[in-house]
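*Asks:* What follows is the residue order along each chain.
2 protein chains.
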Amino acid sequence: MSLIVQKFGGTSVADPERIRRVADRIARTRRAGHDVIVVVSAMGKSTDELIALAGQVNPDPPGREMDMLLTSGERISMALLAMALHAEGISAMSLTGSQAGILTDQSHGEARITEIKGDRVQNSLDEGQVVIVAGFQGVSPDTKEITTLGRGGSDATAVALAAAHSADVCEIYTDVDGIYTADPRIVPTARKLDEISFKEMLELAGAGAGVLMARSVEFGRRFGIPIHVRSSFHDAEGTWVKETTMEEAIVSGVAHDTSEAKVTVMDVPDTPGVAADLFEAMSHDGVNVDMIVQNISSAGQTDISFTVSRTHSDLAMATAKRIAEHLSAGGVDIDRDIAKVSLVGAGMKTEPGIAARVFRSLANQGINIEMISTSSIRISCVVEESQAQAAVRALADEFDLHDVREEVGA
Amino acid sequence: MSLIVQKFGGTSVADPERIRRVADRIARTRRAGHDVIVVVSAMGKSTDELIALAGQVNPDPPGREMDMLLTSGERISMALLAMALHAEGISAMSLTGSQAGILTDQSHGEARITEIKGDRVQNSLDEGQVVIVAGFQGVSPDTKEITTLGRGGSDATAVALAAAHSADVCEIYTDVDGIYTADPRIVPTARKLDEISFKEMLELAGAGAGVLMARSVEFGRRFGIPIHVRSSFHDAEGTWVKETTMEEAIVSGVAHDTSEAKVTVMDVPDTPGVAADLFEAMSHDGVNVDMIVQNISSAGQTDISFTVSRTHSDLAMATAKRIAEHLSAGGVDIDRDIAKVSLVGAGMKTEPGIAARVFRSLANQGINIEMISTSSIRISCVVEESQAQAAVRALADEFDLHDVREEVGA
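Sequences listed follow chains R and S, in order.
So for the first sequence, my numbering puts the first residue at 76; every next one is plus one.
So for the second sequence, my numbering puts the first residue at 76; every next one is plus one.
Read the hints as simulated data drawn from the structure, not as lab findings.
As the structure is a prediction and not an experimental result, all values here were calculated from the model.
Please note that the accuracy of each hint is not assured.
The list treats identical chains as one, so a pair stands whether inside a single copy or across any two.
Claimed, not checked - Calculated pairs, DSBU-like style, for lysine-lysine (alpha carbon to alpha carbon, straight line, at most 35 Å):
no.	residue 1	residue 2
1	K192	K317
2	K274	K120
3	K120	K219
4	K274	K424
5	K192	K219
6	K396	K219
7	K396	K317
8	K274	K317
9	K317	K120
10	K267	K424
11	K120	K267
12	K424	K317
13	K267	K396
14	K267	K317
15	K219	K267
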């Protein structure tokens, strides 16, 4: 007998019919003799609808009330799912994030999980219940306020619960079949990965692969919980994200991200502390900075470029202009039409020449590289947004990321 | 400065536009220097929609999960109302029933308030916040489970909070102008009462006047909290329900109720303990019994008739048949097409002949009386459902329940 955490997203529980299908899947797991903790998101687009309602009464609603509002969404889906399980003869109980002991800090709208008090979940498991926990939400023990975890929060809830209860696996059910070597919408022959290491998945998530958020992968890695990303529409195996001991593939996949903008501060005096001034100010103003590139200086001056989320771009520009003035820099420029294309592979670090192959294959397609940033297992290039798909295809071709079976079958 | 509790029903907060209007009214009260606790129901028909959703996944959903589901409704309306107040520059905070310390017993779907722990509400009031509390919900301290209070629950929340915080008044905002001498849909010239005593209001509520439920009136009476029933659409005074010291009107109003069915157990042996057997069984099976009438016996046998809610009528029949067999009674009969018409007035007890006038005025309209039951300030008659409106009009005429101004103006 195992303890399995199963997480179902909003699409999987979008209507009563789908909720019954999810209940059926949980019931089969339970009847196979496993203990089950279920984590569920709000139904379909209901969170978006609540956000729209809020906008109609207040264009800038307070975060506390926004969290109070949004947490009603999972309350509805989890109660309905518990009812559907009862209808299948399976004993089940829904718990809010607060009831499930998911403690967070006080940051409304983007709270971090600080601790999980698992007593109530454990008692219900001991009673033979399927425990259904509201994803995306928790409670701040200091303020006794309800909080939400922000983007990807339900996955984080699932992996954190799996860690707290030493689950054997955390299954993330989604509308795709698993993790692919490239986005199948761009590279239709992309290959589904049977497994991938936490480290590689972290890089892929950070590089824009939307299936799993980095914070969930990080939880899984830290507590050694295997994550199984799989389809909610059929029973086929998906992709296992885990501490792999197998021989590592040179390249696992290519990811792209068109959600960022590039900010450049030009003609910065090349003196110590300049970068610190700039990025301390960004951090202080709440701007998340991703890639940072600084070239060698000429005539005692240099350019510093960095990427930020496009939703932060106005804020980033304001901060950059303020600091540029303070530093007597030449000026600030922004480019919102960029894409980041990244190649990830744990084997990269022992295989020379990968970077050169990346740059050559992009050049062969006439794609200009505007920024480069690398880690030991990732190479990221910023290109024009209009060339993103061509860049992904070029790298998929160069590094054999296609599904051979599909190619043969085609 | 006063402490005012204001309760708004689902119709008053049915959409963002109405929520803004309610926020405006609360803001005016607050700006006038009063402390305000607001109790709010779920938006419009949202509770009915949630019940329908539940029915689609489980025809007989467990009460615990039903409460989890339904309590999401007030969570949405109260958060939106808090946001709307912030938009008006009024500091406000929404609290769930649990956060507001509304403790109940464990009866899911029809919990009773057992205690109110007012610390958190008081702290927020002390900080100058308008406190918005979810109506209709609480928490059972024994099981730590979320409960709902059942029909009229939001009014009960409001009056109980008013009592716990020693409010000066509990204002119930509704879609009618106040309490009328008769249902204005049946008697268009019915008169709005400026005030009515708790006792009379209790009888009226028990007799089917839907504006206020008896449980709220009972709270008000017990703790001496005046209840002001008024329209959410304009500022005119409504009806004050309070401990009145004024000279009492002989008759305050007529109410009718078409939600009951009449069950008769025929030819019951007229021996001690028979009625006890019957009604203990009803109570045990969860059937709420309203009127009970037993006539004198003939030949050692009698008929016992009683009324129950129509939603309980199948259950009541099953129980009655079981007990009838046990008692060797003649049989059980049910009539679902009945109406209860009641005349209420505190002055009745000192004024002889009221009952005779009731019976005569009904007889003059050719209305047959099937059951009679009286208290010191109420006379109730069960008649055929099709004759209910005629009976209400006859009593309104007989006891001058019309608005004189309206008659003059007509």
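*Asks:* Now tell me if each hint is right for this structure.
*Replies:* Consistency of the hints with the structure:
Taking the shortest Cα distances, K192 and K317 sit within 35 Å of each other inside one copy (25 Å), while across copies they are farther apart (48 Å). When the C-alpha separation of K274 and K120 is checked against a cutoff of 35 Å, the pair qualifies only within one copy, where the shortest distance is 32 Å, while the shortest distance between copies is 49 Å. Within a single copy, K120 and K219 get their C-alpha atoms as close as 28 Å, and across copies as close as 30 Å, so both meet the 35 Å cut-off. Taking the shortest Cα distances, K274 and K424 sit within 35 Å of each other inside one copy (13 Å), while across copies they are farther apart (84 Å).
Within a single copy, K192 and K219 get their C-alpha atoms as close as 15 Å, and across copies as close as 15 Å, so both meet the 35 Å cut-off. For the homomeric pair K396 and K219, neither the shortest alpha-carbon distance inside one copy (39 Å) nor that between copies (53 Å) is at most 35 Å. Taking the closest pair of Cα atoms, K396 and K317 never come within 35 Å of each other, the shortest separation being 43 Å inside a single copy and 65 Å across copies. Taking identical chains as interchangeable, the C-alpha atoms of K274 and K317 lie at most 35 Å apart only when both belong to the same chain, with a minimum of 9 Å there against 70 Å between chains.
Taking the closest pair of Cα atoms, K317 and K120 come within 35 Å of each other only inside a single copy of the chain (31 Å); across copies the shortest separation is 47 Å, beyond that limit. Taking the shortest alpha-carbon separations for K267 and K424, only the intra-copy value of 23 Å comes in at or below 35 Å, while the best inter-copy value is 85 Å. For the identical chains of this complex, K120 and K267 are intra-copy neighbours only, at 27 Å inside a copy versus 46 Å across copies, given an alpha-carbon limit of 35 Å. Taking identical chains as interchangeable, the C-alpha atoms of K424 and K317 lie at most 35 Å apart only when both belong to the same chain, with a minimum of 19 Å there against 82 Å between chains.
For the identical chains of this complex, K267 and K396 are neighbours neither inside a copy (44 Å) nor across copies (66 Å), given an alpha-carbon limit of 35 Å. Taking identical chains as interchangeable, the C-alpha atoms of K267 and K317 lie at most 35 Å apart only when both belong to the same chain, with a minimum of 16 Å there against 72 Å between chains. In this homomeric assembly, K219 and K267 never come within 35 Å of each other (Cα to Cα): the closest approach is 43 Å inside a single copy and 45 Å across copies.
Comparing the model with each numbered hint stated earlier shows that hints 6, 7, 13 and 15 do not hold.
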